[in-house]
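Spelled out, the chains give:
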Amino acid sequence: MLITNFKEKVYNCIEFLPPIPDIMKELNELLQKKDCDLRDISGVIEKDPSLSLNVLKIANSAFYGLPYEVSSMERAVALIGLQEVASLCMVCNITDILKPEPGVMTMDIKSFWEHSVATGVIAKIFCKEFNIRTQENLYLAGLIHDVGKIIIDRFSHIAYDGIIKATHDENIALIEAEKRIIGESHDRVGGWLIEKWELPKVFFEVAAHHHSLMDASDGNRRAVAIISLSNHIARIKGFGFGGDMRGIILQETDAFRIINAEYPHLRDQDIARFVMDLDRADNEIAGLERMMNAGSRPKTYRR
Amino acid sequence: MQAAGQKLTDAEFNALRDYIYNKSGIFFTERNRFQLETKIKERLDKTGCRDAFEYVKHLEDYKAGAAELDELFNTVTVNETSFFRDKSFISALEKNVIPELVQKYDMPGFKQIRVWSAASSSGEEAYTIAILLSECLKDAISRWRIRIHATDIDDNVLKRCKDGKYKSSALRNVSPSLIEKYFDRSDADTFSVKNNLKEMVVPAKCNLINPASCSAFSGVDLILIRNVLIYFDAESKKKVLKMCYENLRNGGYMFLGHSETIFGVTTGFKMVSFVNATAYRK
Ligand SMILES: C[S@@+](CC[C@H](N)C(=O)[O-])C[C@H]1O[C@@H](n2cnc3c(N)ncnc32)[C@H](O)[C@@H]1O
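Residue numbers (the numbering used here), protein chains in the order written: chain B, 6 to 308; chain Z, 1472 to 1753.
Derived by calculation from the structure, the hints in this document are not laboratory data. Accuracy of the hints is not assured; some may be wrong.
Said to hold, decoys possible - Label-pair distances were calculated between CB atoms; the ranges are:
1. GLU203(B) - ASN1721(Z): 49 to 55 Å
2. ILE254(B) - ASP1577(Z): 19 to 25 Å
3. ALA83(B) - GLN1574(Z): 55 to 61 Å
4. PRO269(B) - ARG1521(Z): 32 to 38 Å
5. PRO54(B) - HIS1729(Z): 46 to 52 Å
All C-beta atoms, glycine included, are put in the ideal place defined by N, C-alpha and C.
Make the full structure from the sequences, and use the hints.
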């Protein structure tokens, strides 16, 4: 069932999504500035009360382990950082925009977000554990790396259902099934969406190139590699999306090689132990996923 | 229930610990000293030795010693095991490793797979592999030559493996349809593995620390050496893992227990991550 003019058709589908709110553009612009101020940022966020509420809720969650409860946006920004708060806003907005219409059949959204959250959380823990410096907001990058899947599913749920079924029946990667069944893949589609949203380039590259690291630009390749590796690890930890159960030699992935080229000490680390110990992140992942899904839902939403 | 144990003096503990270590590679650390103390009382009582020094002497006595050494191993080993233990490990085998081996050796005139369940305890692990292979090969299994070596240092558990009789608690993770297919119910709570499984599984005594005793298992395609490395110290662990590497065929897999890794031991193994399970490939 290869689809002709797929890009054009998907573009139409993307057109129907609500645009990314202006507030996100404002935030992004502020963040690009060298001397951006706490008060400017919190001011922008506070313009949207429901957004502020959600951000505070997440900021007060166990994930950030703040010593006391914060109730003002300015305190939240001061304690957990500009980048972090900005990405929380982004998360709240994106889950909101991509939230399925009531009554419409969709793929398993819960396990989709679980995989995305896990990828972001693992990326953060990985960098911390192995002293890998990054400017990028890896948590957010992890969250959006697979958005293309939602778009394809929205475009044709029946097709995507078939794709996911194929991964279970044949024990193959989702991306292989996508290419075979619809002739396109979620990385490219995700790239189209992020491009349209005009998010910073690194997010575009993470979405578009996490399966083809060599296509990433030199400046962003490492960030893309970290997400790609975390994506593999998320699957290994049981936070996969689809039925791909194959084994993987992490040390032989492009992602590992790219990171290792800059951080040669990585070769000598006990990666098996690192992966095992990630069990401790399970609660964090589950908690964040719940909050994200609940936080962005209107009050009428019920499980 | 602490009263059941035998308090050992430091000197006694050290003597016993070193003796056991030299003979089996099992190393009792200060942390599991209590474990040794609870178990050793039984042997002291049986042999009529007054303290651990006398007992070690008794073990060194070449006539009585050999038999008592086996008894000692039987007593101090932890034999906990069950069918289909560790779901993720099982699904890595079922979905990946077994189909891969089957595909690799599915050639006219070859069709042969050898598995080694080293430290198999009472055989549940070995029979589990037999079931997985049967499920994968279906009727074609009659054209295959399958050998699953089930080895352990402990005679008591080997005997149970040979008998192939299990309590229902050992089968708690086996689905009713598989129980139906591969077991005969001998009485209310006893299940015997059927002959077609028994034909594949070959129990044998093997001390992993002793290279001579392991040489019979070279050229195998899959080694399960699960939940036994924890009893070894770093040096023995290194030796055992090297031996496993040498005994494995190229492209073969080794699985350790769920929380065990080979980190710190240089081998040619490649770590393959499956969903919640790690394997090492040669
Ligand atoms: C906890 S059981 C593991 C059973 C099975 N592999 C599993 O994971 O379910 C550990 C087994 O290791 C055996 N063992 C301990 N030291 C050994 C040695 N040096 N050589 C061979 N087997 C040994 C014990 O007798 C015991 O049956």
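Hints not upheld, ascending by number: 4
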